[in-house]
Amino acid sequence: MKKFLTAILAAVLCVCGCFGLTACSDTPTVKIGAQTGTTGYMFASYLKGTEAKAYQSPTLAVTDMQNGVIDYVVTDKAVAQNLVDKIEGIKMIDVALTGEEFFGMAVDSTQTELLAQVNAFFVEKAAEINAIQTKYLTGDEANYVAVPKNVEVTGATETLKIATNAEYAPFEFKQGEDFYGIDMEVAKLLAEYLGMNLEIVDMAFSAVVTSVGTDGIDMAIAALTITNDREENINFTDAYYTNSQVIVCLEENEALDDAGVLMDILAVLCANG
Amino acid sequence: MIDWAKLWNSFTFQFIDKGGYKEVLRGLGATVQIAVFGLIIGIIVGMFIAIIKVMPKYNFFAKILDKFAVVYVAIFRGTPMVVQLLVGHYFLRPLIGWTCDPLIEAIVIFGLNSGAYVSEIMRGGIQSIDVGQLEAGRAVGLTFWTAMFRIVIPQAIKNIIPTLGNEFITLVKETSVASFVTVLDLYRAFEQIGYASYSFLIPYLVLALIYIVLIVIITIGVKLIERRLKKNERKN
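Chains as they are written, first to last, in our numbering: chain A, 1 to 273; chain B, 1 to 236.
These are calculated hints, taken from the structure and not from any lab test.
It cannot be assumed that every hint is accurate.
[What the hints assert, rightly or not] Derived lysine-lysine pairs resembling DSBU-like cross-links, with alpha carbons at most 30 Å apart:
| # | chain 1 | residue 1 | chain 2 | residue 2 |
| --- | --- | --- | --- | --- |
| 1 | A | Lys31 | B | Lys57 |
| 2 | A | Lys3 | B | Lys158 |
| 3 | B | Lys230 | A | Lys3 |
| 4 | A | Lys48 | A | Lys91 |
| 5 | B | Lys18 | A | Lys31 |
| 6 | A | Lys3 | B | Lys53 |
| 7 | B | Lys223 | A | Lys3 |
| 8 | A | Lys48 | B | Lys231 |
| 9 | A | Lys77 | B | Lys18 |
| 10 | A | Lys3 | B | Lys57 |
| 11 | B | Lys6 | B | Lys22 |
| 12 | A | Lys149 | A | Lys135 |
| 13 | A | Lys3 | B | Lys231 |
| 14 | A | Lys31 | B | Lys22 |
| 15 | A | Lys48 | B | Lys18 |
[Stated by the list, open to error] On the chain B side, residues computed to face chain A include the following (Cβ under 7 Å):
| # | residue |
| --- | --- |
| 16 | Phe76 |
| 17 | Gln155 |
| 18 | Asn159 |
| 19 | Ala196 |
| 20 | Ser197 |
| 21 | Tyr198 |
| 22 | Tyr204 |
For clarity, every value in this text was computed on a predicted model and none was experimentally measured.
Note that the Cβ used here is the ideal one computed from N, Cα and C, for glycine as well.
Kindly produce the complete structure, drawing on both the sequences and the hints.
See below:
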């Protein structure tokens, strides 16, 4: 029995030791964090010679970067700007990592009429939508408008039920009981345009897209990036926001300070690849 | 009516054309590593905790150890796995300045968590062995620990193999929360595949299938071990 136990113990120590050596080796690979399921994560996982780490939110990724677990965070430019404003000791490298990306809303595939109405809304209310976006992108906090969970629109009989994940400032976030953010104010504007009441359902990001068409949810508005693969399965509206991916890193990290174009960044990140 | 051809196309697209199977294999590796090493750590930790609990409390040292064991079990059984992982990752890790891979961190935390459960299983096993066995060992001059490891524990382990199998199965399924601390486990691999095209139906179905296959394999393994350990028993 003693021999058996010793053997097990030795095996465990050996394996743990080996893991430890590979995981804490002196030439670490560049570790890049991003929110799970985002285009930022996909970008990070395609890079050669780097390790992509998936987080529940960009904020957690930044926390881990400050703890020294990862080196860089990839996220949407507006989100990055918001993080830099809120959290001390980090900076944004203002170089677009991907081509232009577009956010669209996901509409229940059985409601073709709604899709057409939303697209028309984007054209007609372009100026208002633009104003909302500018307000949040410049951090004009005094003019943020709270959007309650249920918005009553005068004369409305039907309700537009939307799904979102309110942990993604400045697109959607919660303060107290009320929702704020570009998507939330646009949703309110949309409800008024359609003459419908608005109901916002907050849920985990992984549930947002699948929830459309179930439980009476008409649309998902959650900073969803339109891609070809996703269009196969999801009924996207036209684009209402143009986005790009950027890198966030610690203030003392100077490796990317001189980067002017994407190639400079790739040269640093993929140095081991 | 389910459109089988479309589902099949979706499957081949997500898992083969887009290279999803590679992520699945990597995730499977992480899941198996966490479960297996977690259980090994759990058995070792659990065994010592169990012995401490059944040890006669004749001196001060034993009493202190006993209190420690009680607190340990209370902490690890009293908080959810996810909370333990998050506290470990975002609080303890920076605190002690640990820089290892999150996979190892997950293995350690799963091991410690499992240790709390295994300790109770083990205590049940030890107490199922007649106390006369230990006393006989002590009477012929063996120390407490020798009598424990040579006489009681081997019989106890034989009795608790089915329950340990149960614990292992729970552990395998619980690994799906390791993704909270950035471990690319089986669940996370399938989630990534789903996100790439926002089509989650097939990935989640395949995920369920893989878990079932894993668990069936473990069940068969536990059966084989049980049969092997029963060889010396009288057949009635």
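Going down the list of hints, with the structure as the test:
no.	hint	result
1	Lys31/A to Lys57/B	violated (50 Å)
2	Lys3/A to Lys158/B	holds (17 Å)
3	Lys230/B to Lys3/A	holds (21 Å)
4	Lys48/A to Lys91/A	holds (24 Å)
5	Lys18/B to Lys31/A	holds (23 Å)
6	Lys3/A to Lys53/B	holds (24 Å)
7	Lys223/B to Lys3/A	holds (24 Å)
8	Lys48/A to Lys231/B	violated (53 Å)
9	Lys77/A to Lys18/B	holds (27 Å)
10	Lys3/A to Lys57/B	holds (28 Å)
11	Lys6/B to Lys22/B	holds (22 Å)
12	Lys149/A to Lys135/A	holds (21 Å)
13	Lys3/A to Lys231/B	holds (21 Å)
14	Lys31/A to Lys22/B	holds (20 Å)
15	Lys48/A to Lys18/B	holds (17 Å)
16	Phe76	violated (19 Å)
17	Gln155	violated (11 Å)
18	Asn159	violated (15 Å)
19	Ala196	holds (6 Å)
20	Ser197	holds (4 Å)
21	Tyr198	holds (4 Å)
22	Tyr204	violated (9 Å)
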